[in-house]
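Residue numbers (the numbering used here), protein chains in the order written: chain A, 1 to 179; chain B, 1 to 179.
It should be emphasised that the hints constitute simulated quantities derived from the structure, not laboratory data. Be aware that one or more of the hints could be misleading.
[Said to hold, decoys possible] Simulated restraints, written as ranges between beta carbons of each label pair:
1. B:Glu166 with A:Gly53: 40 to 46 Å
2. B:Glu127 with A:Ala155: 22 to 28 Å
3. B:Asn4 with A:Arg64: 19 to 25 Å
4. A:Gly97 with B:Lys175: 18 to 24 Å
For glycine and all other residues, C-beta sits at the position ideal for the given N, C-alpha and C.
So you can see what is in the structure, the chains are spelled out below.
Protein chains: 2
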Amino acid sequence: MELNPAAFYKLNARCCVVVSTASPRGISNAAPFSFNMPVSFSPPIFAIASNPGHDTWRNIRETREFVVNFVGEELGEKMHILERDYPYEVSEIKEAGLTEVPSKKVKAPRIGEAYAWLECSLYDAKELGDHVLIAGEVLLAEVRDECYDRVVDVARAKPLLHISGEYFGVPLARKFRRA
Amino acid sequence: MELNPAAFYKLNARCCVVVSTASPRGISNAAPFSFNMPVSFSPPIFAIASNPGHDTWRNIRETREFVVNFVGEELGEKMHILERDYPYEVSEIKEAGLTEVPSKKVKAPRIGEAYAWLECSLYDAKELGDHVLIAGEVLLAEVRDECYDRVVDVARAKPLLHISGEYFGVPLARKFRRA
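Bound-form chain A, shown alone:
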């Protein structure tokens, strides 16, 4: 069936990351983004697309830093809390009962319950349609030891995927070798 083209994003399941930032005064913010992707290997660049009015973009614009938190399905029920529009400088991390952990290279905090983290500095930003495409250079990548075996171990990390609304997913591992 043909769909309204505006429903195009309901056709796949995408990795759901949580992006954490800090205001210039140091108050944390966090929000889920399923509009995200790696862009470049060298330099390593990871991009998200954000509503331009979102506190995430306000903080990144002002501090030029953010953290990409890769989260597992056990945090699935927290996404609806993190996506709420709390007043600026109310920390969604605390509202969701999650743990702020200091980062190593940026002032934006990590979320302790995530299974992996990318500490990023703003590389480029551009408005595209009704979103801002925010590209960050990956300064540091870290993963829980038990969740990595050459690549992410999806059976252990259970990375959260999102389709839309209440529809989420979690990957089962598959291998397809070169013939």
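Starting from the known structure of chain A, fit chain B onto it as the hints suggest.
Below, chain B alone, put in the same frame as chain A:
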């Protein structure tokens, strides 16, 4: 553990789409991309990141059109064929034993075996690091009836996810309701 930041893309499982294009002479091309994301709702924009030397980018630059094919895990073994660097104007679709189907709004063909298709026109392109970020406006979105029930039915469509190399995945459905 800390990883080389260049390994950042091995930390999640991403939707693996196949992008099909046509050369100005009408010869088809197709290649898998796991660097992809929705960017904007209005206009509806979908982006991929491509190696700038890739035939996909050459065709999009010249024709300003492409099709995003959402594929299921039964096509997983074809990805290594589609990603090979065949000579320009050798069709990877035919080499992989897949079926070219005419699109409705663009000259680039669809891949018949996919479960959903986005017909796109070039909206914007920008070099970011060692890739080109190619943004397309979604002109038409279509899905197999049996694979859609308010959102993609992942149990039926079995959308192919990719991590890197031979490591793939397929999503299991989860629901997380607002409290």
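Structure-based check of all given hints:
The hint said 40 to 46 Å for the Cβ distance between Glu166 of chain B and Gly53 of chain A, and at roughly 42 Å that hint holds. Between Glu127 of chain B and Ala155 of chain A the Cβ separation comes to about 37 Å, which falls outside the hinted range of 22 to 28 Å. Our hint of 19 to 25 Å for Asn4 of chain B and Arg64 of chain A holds, since their Cβ atoms are close to 23 Å apart. Hint check: Gly97 of chain A to Lys175 of chain B, Cβ distance near 21 Å, so the stated range 18 to 24 Å holds.
The structure shown violates just one earlier hint, number 2.
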